[in-house]
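Protein chains: 2
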Amino acid sequence: MPEIRQNLATREWVIIATERARRPEQFILPSRGSVLDRPEYDPNCPFCPGNEELDLERFRIPASGDWQVRVVRNRYPALLEHDEYQRRLQGINRSLAGFGYHDIVVESRRHNTCAALEPVEGLITTLQAFQTCAAIYRRDPRIEHIVFFKNHGATAGTSLLHPHAQAVALPVVPHDIRVRNEEARRYFDDYGECVLCRMREDEERQQDRIVVSSRHFTAFIPYAAYSPFHLWIVPRRHTAHFLNATADEIEDLAHVLRDVLRRIYYGLNDPDYNYVIRSAPESERLARHLHWYVTVIPRVTQTAGFEMGTGMFINTALPEESARFLRNVVLPDDSTDNDYD
Amino acid sequence: MPEIRQNLATREWVIIATERARRPEQFILPSRGSVLDRPEYDPNCPFCPGNEELDLERFRIPASGDWQVRVVRNRYPALLEHDEYQRRLQGINRSLAGFGYHDIVVESRRHNTCAALEPVEGLITTLQAFQTCAAIYRRDPRIEHIVFFKNHGATAGTSLLHPHAQAVALPVVPHDIRVRNEEARRYFDDYGECVLCRMREDEERQQDRIVVSSRHFTAFIPYAAYSPFHLWIVPRRHTAHFLNATADEIEDLAHVLRDVLRRIYYGLNDPDYNYVIRSAPESERLARHLHWYVTVIPRVTQTAGFEMGTGMFINTALPEESARFLRNVVLPDDSTDNDYD
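Top line first, the protein sequences correspond to chains A and B. Using my numbering, the letters of the first sequence map in sequence onto residues 549 to 889. Using my numbering, the letters of the second sequence map in sequence onto residues 549 to 889.
Note that these hints are calculated values from the structure, not bench results. From the three backbone atoms N, C-alpha and C, an ideal C-beta is built for every residue, glycine too. Hints may be right or wrong, so weigh each one.
Said to hold, decoys possible - Stretch-level coverage of chain B by chain A, calculated; a stretch enters the list once three of its residues show a Cβ under 8 Å from a Cβ in chain A:
(1) 775-789
(2) 815-829
(3) 857-867
All chains, please: the whole structure from these sequences, using the hints.
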């Protein structure tokens with residue numbers, strides 16, 4: 549029988565559609581060729597070494613010698629850095645000039661790779677670059693909210709093959725974020741604790757939906773996961789903003805995130821995916837009721853009119869089964885994945 | 549310069565990304581063959597005449613002779629009609645048994661057609677079938693919310709080619725609907741009027757974003773449209789629930805909706821799309837601050853990590869240009885579209 553479950557943090561209901569549910573194995577994609585089949589260097593790729601868009605560069609890591617990760621302004625930004633900061637009210641319509649930051653984090657020198665195939669050092673450096681970006685954006689008092697994400701593959705919204713992630717800083721707090729944060733505040737009001745901490749502890753006690761855990765993080769499929777293999781990586785230490793993560797936590801997160809991405813890559817045959825780092829709005833970065841975390845969303849199903857008309861998801865996989873499947877993926881020996889020395 | 553616009557009804561901010569914006573013509577899809585290339589009858593299609601799943605039938609229109617539209621229970625429903633209605637609290641996790649209605653509206657006898665190519669009578673009958681469904685579901689006091697939608701094409705979430713729409717009745721009010729309705733209530737509190745009425749009147753005065761208007765409806769691209777060609781069809785008469793629409797309004801809506809779908813079909817080369825009828829929750833169907841309407845979402849772009857992490861949309865088309873493009877689509881003579889006598 550289907551079940552309607554509630555996500556405690558967001559209060560959203562999700563239909564777990566057992567009548568149409570598929571076994572985890574049924575989500576494994578047919579092979580579509582490996583990223584390794586691509587050339588290591590593409591002369592037309594603006595992210596490949598030698599083609600660097602130097603006019604757009606914000607910083608590189610390391611600063612001298614061969615860079616490992618570069619942060620560049622987006623050539624086609626959704627938002628522009630400019631001086632105008634003005635809210636407008638024309639008749640009933642509210643708008644503001646599209647000010648903000650929209651950067652690209654080039655994650656590797658190599659064109660033919662992805663996070664699941666790279667040594668962990670690459671992901672550590674990417675996460676460090678995110679933190680540096682946040683520190684830069686934060687100096688601008690007009691910035692209200694910062695979000696980091698990666699789009700892997702065409703159905704996840706990317707058009708450039710060279711591995712890259714993105715950072716966006718906004719002059720508004722998105723409505724959806726405000727609504728979620730209100731729910732977190734209400735939970736804190738009622739119970740005197742953070743809802744994310746509570747959910748993480750509960751998952752650790754139950755163990756059914758845990759995929760990976762480490763010293764600082766727990767990766768689990770939420771009880772009311774929105775889609776098959778939708779996964780949260782929650783830090784054990786309670787703090788509202790990703791920029792509060794210590795160097796030690798960043799390194800540990802890179803290991804856990806890479807482990808999760810490898811389980812998805814090898815277990816499901818390299819599906820497209822998004823990951824997002826969710827953090828408090830800038831003005832609430834000290835809020836006791838907020839908790840930063842990472843969400844990973846493999847793109848193995850399609851949203852349809854129902855989701856658009858209700859905001860409610862139909863998940864055709866049982867979260868407990870999805871977690872067991874990812875836990876049991878046999879990963880190849882790490883050292884065979886790359887030809888770095 | 550990009551612009552950040554607010555949708556007055558939902559209070560959501562949308563980035564109108566002029567730096568990456570495309571002209572309306574650039575959204576026209578390459579041709580992928582016509583639905584008319586398919587056979588008119590498919591022996592393996594459960595919706596084709598002769599293959600009817602009679603055990604699943606709820607009703608047909610007309611009741612005798614050749615049916616024009618059939619309503620059948622979904623063979624793989626997201627929710628089941630059953631007697632158990634129970635909320636459960638296990639530890640911190642809330643759930644309820646997956647009770648509800650999930651029906652299919654088979655829109656035509658023909659396998660190789662779509663709403664844009666059919667005579668308007670087909671769409672009138674489909675909308676009448678939706679109303680009959682709502683009247684049936686409403687008799688069940690456990691139903692909290694009813695939604696109608698259509699998924700056209702694979703990227704819009706459909707797997708069966710035979711033209712069909714869907715009806716779902718839920719035992720909960722989706723969180724997203726509650727949040728939107730709270731915003732509508734707040735607007736009514738502040739201004740003593742319905743926000744949808746206000747937006748429709750404003751669009752009619754400005755004319756920039758109107759696509760089609762009729763005796764009872766106005767179809768326009770909202771000022772802060774979420775995606776290219778995202779369109780609302782708003783009834784002029786203020787009422788909260790779709791089931792309150794009169795026979796005259798239903799017939800008029802069919803004409804307007806079909807006109808919009810034809811503009812999308814011919815103008816953009818038959819993209820996948822969803823449409824949704826948004827209506828008040830059952831317990832609020834008399835609410836003065838709520839207003840039913842139809843939203844149409846052509847699937848010409850992909851959502852990515854940014855949308856997932858913020859709930860905020862980046863629209864790469866200027867709403868005014870999208871509206872002008874759809875207004876100016878030259879439609880073929882209606883009578884050439886079908887071979888009905």
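Verification of the hints:
no., hint, result
1, 775-789, "violated (count 0)"
2, 815-829, "holds (count 5)"
3, 857-867, "holds (count 5)"
When each numbered hint is compared with the structure, a violation occurs for hint 1 only.
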